[in-house]
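Protein chains: 2
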Amino acid sequence: MLVKSQVKYIQSLGHKKFRDADGVFVAEGSKIVLELLQAGHIELIQLYAVKEWLLKNKILLAGRIDPVEIESQELERISFLTTPNQVVAIFRKPVFPAEEEPEGITLLLDNIQDPGNLGTLVRTADWFDVRRIVCSPDTANLFNPKVVQSTMGSIARVEVLYDDLKEYIVAHPGTPCYAAELDGEDLEQTLHIPRIMLLIGNESRGIYQDLSALAIRRIRIPRRGSAESLNVAVAAGIILFMIRKA
Amino acid sequence: MLVKSQVKYIQSLGHKKFRDADGVFVAEGSKIVLELLQAGHIELIQLYAVKEWLLKNKILLAGRIDPVEIESQELERISFLTTPNQVVAIFRKPVFPAEEEPEGITLLLDNIQDPGNLGTLVRTADWFDVRRIVCSPDTANLFNPKVVQSTMGSIARVEVLYDDLKEYIVAHPGTPCYAAELDGEDLEQTLHIPRIMLLIGNESRGIYQDLSALAIRRIRIPRRGSAESLNVAVAAGIILFMIRKA
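Top line first, the protein sequences correspond to chains U and L. Following our numbering, the numbering of the first sequence begins with 339 at its first residue and continues without gaps. Following our numbering, the numbering of the second sequence begins with 339 at its first residue and continues without gaps.
Be careful, since some hints might not be right.
Because identical chains share one entry, a pair is satisfied inside a single copy or across any pair of copies.
[Stated by the list, open to error] Straight-line distance between alpha carbons at most 27 Å, and here's what the computed DSSO-like set of lysine-lysine pairs gives:
hint: 1; residue 1: K389; residue 2: K484
hint: 2; residue 1: K369; residue 2: K484
hint: 3; residue 1: K484; residue 2: K354
hint: 4; residue 1: K342; residue 2: K389
hint: 5; residue 1: K354; residue 2: K389
hint: 6; residue 1: K394; residue 2: K504
hint: 7; residue 1: K431; residue 2: K346
hint: 8; residue 1: K394; residue 2: K484
Honestly, the hints are just simulated from the structure, not real lab data.
My request is simple: use the sequences and hints to build the entire structure.
Following this line, the structure appears as structure tokens:
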């Protein structure tokens, strides 16, 4: 059974202010919640699920918390999805070990607005073993329920910071910064660079000019047809593929 | 001024049944509506916009229709977006010249469910000059307002059919079919194939087995990190890039 204060609390976590105050976020849907539970290092605060789900996954909750069994209609009241899916859970935000400058690829995101795009970027980064994502402060919030949803569990594995991108680039002079831009040079060759920052810009206006000026190379995906641009996550995926390609 | 019957009619076009009955669809937001107006071959049926937009784009409407000027509050009543954007227009569905088997790449989509994914796939296809997309009948509807939105205007340029994919593959024995699958062989080399069908599967369960059996090769994007899968549009983008790569 759900009490009114629980419903109000979960709904409040749709807002950054309340998530920040408690250092928590909401994940929902069986697939994502299971991934986060299995990740191990993410603390489960509370979990609300329908009976069938609890029966099947009891073992994952043993020794953690006492879950709240709810009815389908109750699930609808606390879900952020249009089609609620069995379980809603509150987790503590993940903490990553402080690392000065990770090996490999760092993804820099300048003002990504769409939650689905941000989540897909995190998921794509995880696939290509990107260790760190640095977002400009005006990028969408990582713990927005729609972003959490689109990361498909990768939120547990990729470190995401919010920082001034100019300062970040300047503070890491040992790592070359490549910018993805529609008027860059065509990406034709594999990029075999052991340590690299890849800068991706806003969905409509691209990368701020003063930021783009800090990149040592500007690259683009060769266009063969007529679309005006590629989706940011698709563009990032293609470039990451070409960096990671054997 | 909007009259009640117009509001009801536009809202009804959120449903496939009503779109099919009249052979029309809704596009909204300045960027997409402008792309469709400039495409030339898509008939404009009606257009509702705020004053500023009409003043700026009057010339594009000359000799086509008499647009309806509306207030911002009225726009909210007919918009399918959470953030309405200046203009909502009704267009006739595009018709493409019947072509037996187009040159180049044909994309086959098996049961893509998410409207944003379908729209992004159409946009990505357009970037890489894919001439035809064939969707299984259970794929999301192309003219769903969210799909139209995510195509970013590419809906005007890529022919999209709905057909039984098994029958389609069997009917085109001259075109090799490649399937994108998580357990396929790693995509390492450029695919220089003048005529190819690329088969992409459902977001959760992939490609139906009996369909996958018709592919002559099964490929996957090499995984370097830990994510369980890639987003379908990202995966398709990477493979299309490798087919189109010089």
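Comparing the hints with the structure gives:
no.	hint	result
1	K389 to K484	within (25 Å within a copy, 34 Å between copies)
2	K369 to K484	both (15 Å within a copy, 24 Å between copies)
3	K484 to K354	both (12 Å within a copy, 26 Å between copies)
4	K342 to K389	within (20 Å within a copy, 45 Å between copies)
5	K354 to K389	neither (30 Å within a copy, 35 Å between copies)
6	K394 to K504	neither (48 Å within a copy, 36 Å between copies)
7	K431 to K346	within (20 Å within a copy, 44 Å between copies)
8	K394 to K484	within (26 Å within a copy, 35 Å between copies)
Consistency note: the structure conflicts with the earlier hints numbered 5 and 6.
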